[in-house]
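Peer 1: Given the coordinates of chain A, assemble chain B onto it according to the supplied hints.
Top line first, the protein sequences correspond to chains A and B.
Take the first sequence: its position 26, counting from 1, is numbered 26 in the numbering used here, and each next residue is one higher.
Take the second sequence: its position 3, counting from 1, is numbered 3 in the numbering used here, and each next residue is one higher.
Heads up, a few of these hints could be off.
What the hints assert, rightly or not - Pairs of lysine to aspartate or glutamate, EDC-like flavour, derived with a Cα cap of 16 angstroms:
#1 B:K11 - B:E74
#2 A:K11 - A:D49
#3 A:K42 - A:D16
#4 B:K42 - A:D16
#5 A:K42 - A:D12
#6 B:K11 - B:E56
#7 B:K42 - A:E74
#8 B:K42 - B:D12
#9 A:K11 - A:E74
#10 B:K42 - B:D16
#11 A:K42 - B:E74
#12 A:K42 - B:E13
By construction, these hints were calculated from the structure, which means they are not laboratory data.
Protein chains: 2
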Amino acid sequence: MARVIVDVVLKDEILDPQGDAISRALPRMGFSFTPTAVRQGKSFILSLDHAPSASELKEIENAAATLLSNPVIETFTIRVEN
Amino acid sequence: MARVIVDVVLKDEILDPQGDAISRALPRMGFSFTPTAVRQGKSFILSLDHAPSASELKEIENAAATLLSNPVIETFTIRVEN
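So that you can see chain A by itself, here it is in the shape it has in the complex (with noise of 0.2 angstroms):
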């Protein structure tokens, strides 16, 4: 069993409404830490039975640049959990 974990994040550039939200409802809330910014971004956990070859660890960059992400504004990272 592994897990293939697509981390997608609006690019620094975009605005993120969301993440300054978060980021102003934080003191309102009572706590203390103030972070220099909040950013919201997606996540899929792609399960797999066997461990990724490289062949589809390539396919899976394919559809994380096609159907994961909106390449415009989003960039990807992919990390493998065994």
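Peer 2: Quick look at chain B alone, frame taken from chain A:
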């Protein structure tokens, strides 16, 4: 500069229609790898200008449980990147 990342995912017993839709879309789009399951999650990236202290991590854990996730249907994990 450190980043604390809160990953929020639906509990295993909660249906995930978006994940299922992605699962079904993959073969239709010509991808040949077949995950046993696809789950969609959210992530929150908190940027800090210093490495988080133990008490800050405790506060972030509280924020994750109350503001960033719905504990009825979701679980979360926290990871720190320096």
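Peer 1: With reference to the structure, classify each hint as holding or not holding.
Peer 2: Against the structure, the hints come out as follows:
no. : hint          : in the structure
1   : B:K11 - B:E74 : holds (5 angstroms)
2   : A:K11 - A:D49 : violated (32 angstroms)
3   : A:K42 - A:D16 : holds (13 angstroms)
4   : B:K42 - A:D16 : holds (14 angstroms)
5   : A:K42 - A:D12 : holds (15 angstroms)
6   : B:K11 - B:E56 : violated (26 angstroms)
7   : B:K42 - A:E74 : holds (14 angstroms)
8   : B:K42 - B:D12 : holds (15 angstroms)
9   : A:K11 - A:E74 : holds (5 angstroms)
10  : B:K42 - B:D16 : holds (13 angstroms)
11  : A:K42 - B:E74 : holds (14 angstroms)
12  : A:K42 - B:E13 : violated (20 angstroms)
Of the hints listed earlier, those the structure fails to meet are numbers 2, 6 and 12, in rising order.
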